[in-house]
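Participant: Following the hints, position chain B against chain A.
Chains as they are written, first to last, in this note's numbering: chain A, 1 to 289; chain B, 290 to 650.
Think of the hints as simulated: they come from the structure by calculation, not from any bench. Hints may contain errors.
[Stated by the list, open to error] Here are the simulated lysine to aspartate or glutamate pairs, EDC-like style, with alpha carbons at most 20 angstroms apart: (1) Lys106/A / Glu164/A; (2) Lys139/A / Glu606/B; (3) Lys194/A / Glu175/A; (4) Lys60/A / Asp253/A; (5) Lys391/B / Glu584/B; (6) Lys194/A / Asp339/B; (7) Lys194/A / Asp226/A; (8) Lys194/A / Asp17/A; (9) Lys391/B / Asp493/B; (10) Lys106/A / Asp116/A; (11) Lys139/A / Asp610/B; (12) Lys139/A / Glu603/B.
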Amino acid sequence: MSTNNFPLRSRLRALTDLAVTGLTILATVVVVTPLVAIFAYLVYKGASSLNLAFFTQIPKPVGVAGGGMANAIAGSAILLAVASAIGVPIGIGGGIFLAEFGRGTKLANAVRFTADVLNGVPSIVMGLAIYALIVVPQKHFSALSGGVALGIMMIPTVCRTTEEMLLMVPHAVREAALGLGVPNWRSVLSITVKTASPGIITGCMLAFARVAGETAPLLFTALGNDFWSSSLNQPIAALPLQIYVYAISPYDDWHRLAWAGALVLIVLIVLAVSLVRYVTSRGVLKGAS
Amino acid sequence: MPEIRAPQIPSQKLKTPAAQKPAVPAVPSAVEPSLVRRFLLARGNSAFADRGFHWLMVLCALSIFGIVALILWQLVLRSQLSWHAFGFRFFYQSFTNPETGKPMYWDPVNSLFSAVPFIYGTLLSSFLALLLAVPLAVGVAVFLTEMCPRALRGPLAFLTELLAAIPSVIYGLWGVFVLVPLLREHVNPGLIQWFGWTGLFNNDNPTGLGFLAAGVILAIMILPIVSSLTREVMTAVPHSQREAVLALGATRWEMIRMGVLRNARIGIVGAIILGLGRALGETMAVTMVIGNTPEIHRSLLSNGSSMAAVIANEFTEAVGDMHLSALIEIGLALFIVTIIVNAFAQLLVWAVTRGAPAQTH
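Next comes chain A alone, as it looks inside the complex:
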């Protein structure tokens, strides 16, 4: 007890330390609680209204029992396919530029900065812009415009994760490829990108999971549809959109469907995020290098 000279002061300091530790633990508990609450309630409400009809039938009119969201699930799949076709190649290309060609240049820094800023732009603004760009000239809502809106939202995320993954590939690998006389473009595509591909794929999945739950940009691009539609030129249903419409409706039957849809959506997203976590934590990249 070397602090015997100032017993009160040292005890006060120890108490403050203890109090702060307690407060941070409390904060953590308070943060984890809503998460657990949301999940528990979602599973409880969703599981009780989930059945086969949910996956096989289209929505029924108000008052008719049953019905499902089969068309919304298919619509989401189509929208996400369009989005990936736009977002993944451009995003990976941008990432390759940042990591392989533009390292340290002013242009690369500007691109990186803009991508990070673009990542924070509200999704509803993206919807407005695509509405003005595609829906107004076409004069009707369409699946294509919804897909484009989601695809543009994927680009910054894919671009930045691709860059980060490529930066982890050791220089020796590139040098070995170039030393064999492989042209640069081929070395980038078949050696560097291939080495980093597990990381790049997880980055794409992360972006995919993010836009899979987006509702705001679809409100006035894809619009939603109560029937089957596979045409890119027609309004199309989407799972998050359908959840929104049903949640704000006054009917109990529709509320149940909204919960079931939310459960399906969240299970898909959690699966994707867990997969990402699993792949990145196993250090696939470290093994490859």
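Facilitator: Leaving out everything else, chain B in the frame of chain A:
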């Protein structure tokens, strides 16, 4: 993706000359270029392909600038009508309701538009969200980086990450069916009884919707991003700082306060501003719980609306070109504000994590 074939083909073909070697003298192999070289030459000059590939990648990168420019151009173009009608007054004017004499801001039928109530709603709900979320987020970050047992760190970080992955519309769903009834039945009566005298909690809205519900939902939604960024800047503080403070006899909290938080404060401010950027533009969850009335109230329990919420709520049912144009102008304002907020926050976070001597102690 095609895998590299260069090493394989020569290895197959090399076998043949090696087998024939005893029969034919080694003269032809001296004239022939090496098989790898021949393979590469057969694929043509790579300079052109290299150029093309390079520019293709540059084009992909430039498309990001293109997107920003495109959004800006389209929004400016489509908001011309309302801009010419109201000018800058759009952001501060108010009208008087001819029947009641009270101020009025948003009347689509008579083409009277003003963004004031939506700016107010956005600012108020975001401010509430920050007030609730920041202390919690910093607490979680401190716990996870400095105190947490190693075994708990991974799962807890994963849980907060998961919170970030839940779509906005599901937060909204939960807000409408769980949070709002909870506030209505248990929290709001208490607030009105104990804090009613401040004027912030009035008993005039029995639904439970309103600014407070929006603020709470937003707080839950921005918690993960603020706490994970705070964690990032805190881990960027070099260990030597912690060791130096501990060596002077500080307790753990004193070490965190003087050694870590003080060094990371700029980055933490950046994280908070980034959270603000998210809160300003959050759409679906807010739309579902804020009540959607274009009014200004002092009471946090009153219905209101926000910039993003009014766009989501009225756009597909807009009553005319002027209405559409006014909504797009609100979107444009939201875009510019979030760009500025995000850019500022990004610079602050970069200032700390870039070039921070994280491992060099």
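Participant: Now look at each hint and say whether the structure bears it out.
Facilitator: Going down the list of hints, with the structure as the test:
no.: 1; hint: Lys106/A / Glu164/A; verdict: holds, 18 angstroms
no.: 2; hint: Lys139/A / Glu606/B; verdict: holds, 15 angstroms
no.: 3; hint: Lys194/A / Glu175/A; verdict: holds, 15 angstroms
no.: 4; hint: Lys60/A / Asp253/A; verdict: holds, 10 angstroms
no.: 5; hint: Lys391/B / Glu584/B; verdict: holds, 11 angstroms
no.: 6; hint: Lys194/A / Asp339/B; verdict: holds, 18 angstroms
no.: 7; hint: Lys194/A / Asp226/A; verdict: violated, 42 angstroms
no.: 8; hint: Lys194/A / Asp17/A; verdict: violated, 50 angstroms
no.: 9; hint: Lys391/B / Asp493/B; verdict: holds, 17 angstroms
no.: 10; hint: Lys106/A / Asp116/A; verdict: holds, 16 angstroms
no.: 11; hint: Lys139/A / Asp610/B; verdict: holds, 14 angstroms
no.: 12; hint: Lys139/A / Glu603/B; verdict: holds, 18 angstroms
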